Amino acid sequence: MSQERRLLITASPHLGTRDSTPKIMWHVVLSLVPVAAAAAYFFGASALLVIAGALLGALLTEGAFAGWGTLRDGSAVITGLLLALTLPPGLPVWMAFVGGAFAIGFGKLIFGGLGQNVFNPALLGRAFLQAAFPVALTTWPVPRGSFWQLKGDNLALPFTHPHAVDTVTGATPLGLMKFDHVPTEPWRLVLGTTGGSLGETSGLVILLCGAYLALRNYLNWRIPASIFLTVALLAQVLHALDPRQFPDAVFMLFSGGLMLGSVFMATDLVTSPVTNLGCWVFGAGIGLLVVVIRLWGGLAEGVMYAILLMNALVPFINRATQPKVFGHASPRAAP
Amino acid sequence: MIFRGFRHGVHPPELKDLTAHVRIRRMPFPSEVVIPLRQHTGRPARAIVRPGDRVERGDLVAEADGFLSVPMHASAAGRVRQVRLWPHPDGSYAPAVVIAVDPFSPQAQRPRVIPDWRGLTPAELVNAIRQAGVVGLGGAAFPTHVKLTPPKDVVIDTLLVNGAECEPYLTTDHRSMAEYPERVHLGIRIMMRVLGVSRAIIGVEENKPDAIAALRATLPADLDVRVQPMRVKYPQGAEKMLIKTLLGREVPSGKLPMHVGVVVQNVASVATIAEVFETGLPLIERIVTVTGRGVGRPSNLIVPVGTKVRDLLDACGGLLPEAREIVFGGPMMGNAQADLDAPVIKGTTGVVVLTEEDLKPQASYPCIRCGHCLDACPVFLNPQLLGRLAVKERYDEMEQHHLADCMLCGCCGYTCPSNIPLPQLFALAKAALRKRKAAA
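Chains as they are written, first to last, in the numbering used here: chain R, 1 to 335; chain Y, 1 to 440.
Keep in mind the hints are simulated off the structure, nothing from the lab.
Keep in mind the model is a prediction, meaning the values are calculated, not measured.
Accuracy of the hints is not assured; some may be wrong.
To be verified - Below, computed lysine to aspartate or glutamate pairings styled on EDC-like, alpha-carbon distance capped at 16 Å: (1) R:K324 to Y:E250; (2) R:K324 to Y:D405; (3) R:K324 to Y:D375; (4) Y:K360 to R:D19.
Chain R with its partners taken away, still in its complex shape:
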């Protein structure tokens, strides 16, 4: 009997893949590190301050309301990091902190925690910040100056007006294009030496990190592929019709938050479709909305709203794209 007492009784299957939800989450965190490092390279200490603020807000909120144990699954770290990467480098740290807290509290926990939320928490946090602090969220420093030189009033006290700091700000490539019809050289967009939020600069780094996750099957490659294809196709057609008014595909793909959004936010497992066909539809919807908002909307950038809108449609997409169950279509009769 002593032998039996040591034995486990569990349900089949008794084997599993070596993947686990925390492992997937921490791999996403790991793959965001180069993106954050690129931000630090371009924007110096300011980038690190904003990241720290958003992370702290996200982690403290998760710990306080969901219990400190759930921090170990890594999902709150992803939310904090992703939010930070959508913010301008000169943002006061306290705003980033509020954004992180909002993203976790109202983007995730209020729905019931991990796996239950409808919208991408980081983007919800950013949408909140954009509504609350519209000026601070649209002030874009240009990457230059020493590492330690702050790119804005990062250390402003909460609820004070940020001081105008002696840094150079400028329009983002999308703003330049939209409001002044000034294009940016493609190589600067790909490398990321342009103004913009922390993570919307280096498309190359983001693509490499995304490829790593896709190879490990930790993100569904069909979503970014579908977004890229849709945007490129629409942009190229429009560009051919009127090259002066509409930018070309390369510009559309590598400017703004499209890379970051397509690779790291639209692919959020929880808020994207579960079917592969659904992922194609979801990505195409995002791509279409991005082009429409960017070219005809009042905003220079539309990735955030495009993803949030499509998030809301995910339950319908899932339902509409259920694959045919084995043995259910008109089966071939026995010969």
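Please arrange chain Y on chain R, whose structure you already have, making use of the hints.
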């Protein structure tokens, strides 16, 4: 033929090296055998012996109860000790005939119980197979004589012999094909005669090249029998997947293979049919793979039906200190055993002793809708949705989402990063729905 295979499925580690090249040997008779009356799909057999009765090897101890049932036979000579409830490999207690094995008996076989096959008509062959208590030896233990008597209006054109053995660890079919290819071919000959079909295909996963070579070397010249290697993928050995792979036919939901003109028989069952007619003995022993890193000497053994797993493990060097879980069948669909007195039954393909490192971790997380389960499900269900419904006991909705098509293969549970026990939830839901229907 366009070789298509089935879609989805998973690639668990094969882990067959432990026993893939270990020759089959016969284990010594244990001191006691326990013959459960329920070892097959259908109604349990009815015991016809009483405590104190003397039985010889191959004697009838329980008779079939109706058509969807098979008789049970003594797997060793000895004296009936009692007929009582006994731990069953499925985790329950079930009535069983307990036989104290006579240590002095030569365990010789009596004169033929089963006649020679050569002179028999198809109907007589089916009857003999039924009398011999033959069931499918791949795990589900469906009575073979039922499969061999399709309704009159059904036309069978192909016999598929299932040598996929897609479960990790198991090598019983592999060794049978490699060591007894003639027996497999004789079994096929008998089954083809019974079914009146002219074509048979043996599907073997290509990780068993020696089995494929042995079968090909012994192909009978006068029969249309083909050996088809298949790409390794789980659950290739599931009937519907095998038919899809070998013939490209899709068995309609709720229907049987015969509705697409096919009878599928496990290769071990085919070999057993041949053996039954060769030796004249009913099905009283089977080949069992005893394997895993938690057992002393992984082996392929000929085991008398009713041998307690305790005795079986002793015959294989015993449990090692690191043994953590004992599974009957393969690790994807098999049952963990709580009691080492549970006996090997006709459907026991293997006994796998797993260690801590082999087992998936026990921690579970919320579903993150990664969709990996949808990509794994070979029948294209939506396991994450079914899992959510199961937790809330919304069984009627599960039925609308085709729970009935789930065959509990375990692919979704295998692939789930949150370690949600999806197959267990589905088994519970199926049981609840069955109970509800029986009550209505």
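Against the structure, the hints come out as follows:
1. R:K324 to Y:E250: Between R:K324 and Y:E250 the Cα gap is close to 12 Å, so the pair holds against 16 Å.
2. R:K324 to Y:D405: This hinted pair holds, its Cα atoms lying about 12 Å apart.
3. R:K324 to Y:D375: Satisfied, since the Cα-Cα distance of roughly 13 Å is no more than 16 Å.
4. Y:K360 to R:D19: Answer holds: Y:K360 to R:D19 is near 10 Å, not above 16 Å.
In summary, this structure violates none of the numbered hints.
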